[in-house]
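Engineer: My request is simple: use the sequences and hints to build the entire structure.
From first to last, the protein sequence lines are chains A and B.
Residue 1 is where the first sequence starts when you use UniProt numbering, and the numbers rise one by one after that.
Residue 1 is where the second sequence starts when you use UniProt numbering, and the numbers rise one by one after that.
Among these hints, one or two may not hold up.
In this list, chains with the same sequence are indistinguishable; a pair is considered to hold if it fits within one copy or across any two.
[What the hints assert, rightly or not] Okay, derived cross-link-like pairs now, DSS-like style, lysine-lysine, Cα gap no bigger than 30 Å in a straight line:
1) Lys33 - Lys124
2) Lys33 - Lys54
3) Lys113 - Lys44
4) Lys33 - Lys113
5) Lys64 - Lys33
6) Lys33 - Lys44
7) Lys44 - Lys124
Hints in this document: simulated from the structure, not taken from any laboratory.
Chain residues, written in single-letter form:
2 protein chains.
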Amino acid sequence: MKTIKRRSFLANVAITSALATVTLPSEAKPKDKKFVHHVYFWLKNPSNEADRTKLIEGLTTLSKVPTIRFHHIGVPASTNRSVIDRSYSVSWMLFFDNLEQEEVYQTHPIHLKFIADYSHLWEKVTVYDSEQV
Amino acid sequence: MKTIKRRSFLANVAITSALATVTLPSEAKPKDKKFVHHVYFWLKNPSNEADRTKLIEGLTTLSKVPTIRFHHIGVPASTNRSVIDRSYSVSWMLFFDNLEQEEVYQTHPIHLKFIADYSHLWEKVTVYDSEQV
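Structural biologist: See below:
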């Protein structure tokens, strides 16, 4: 229950921050610029459903790193135009309050264990880190 | 004022939905799988600050398409590891309730006007559409 409460609290923090962002983007402080960390995974065996399920299970565990304000685990949508890259297997998108919080995530024990336990599954990752303007 | 109220309403919808996602991801209905549309823009003149500012202004206008539940406009963060792609100029990340709402956005007059007015600025776009698992 404690975990659920804490996650709800974090969700509320993210929500308050998101609302402020939507209505008052220009008032964000330099340290408060919402940080989006978006990772795309290409599996070694992209057609292996079990591998994809396993990676998603790992990401679900990884989502417990406490500095994560919001997470989204996705797979390629059915949209298909020339500009769309549908070649990846799994999308992992995170919001942090700022760069410092993302750095805490990078070296958090849960993250290090995720890499140790699951990195054999993927062939390539591409990361885009974006700070809100 | 009407616009502000409407945007606050939409933000609240997004927030309620986000909270549900964080706590109850497995209960999402097939039609309700949160859709992330992430676009990366490479400008023709990446070192031209005015062009980047102009594109960001255009995206701010584009954010008024009513089916958008949340938007984030970003630029590459200072993070720099081998897996990070920092070569893009502007990141444009959107949440929709589902694929159908994203299709409404694609053909919305505000979107078509954005393409007509600003597409001369960019050399390349890459899009990743991800549906929540």
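Engineer: All hints, please: hold or fail.
Structural biologist: Hint-by-hint comparison with the structure:
| no. | hint | result |
| --- | --- | --- |
| 1 | Lys33 - Lys124 | both (28 Å within a copy, 26 Å between copies) |
| 2 | Lys33 - Lys54 | between (33 Å within a copy, 20 Å between copies) |
| 3 | Lys113 - Lys44 | within (20 Å within a copy, 41 Å between copies) |
| 4 | Lys33 - Lys113 | both (28 Å within a copy, 29 Å between copies) |
| 5 | Lys64 - Lys33 | both (22 Å within a copy, 21 Å between copies) |
| 6 | Lys33 - Lys44 | between (35 Å within a copy, 26 Å between copies) |
| 7 | Lys44 - Lys124 | both (8 Å within a copy, 28 Å between copies) |
Consistency note: the structure conflicts with none of the earlier hints.
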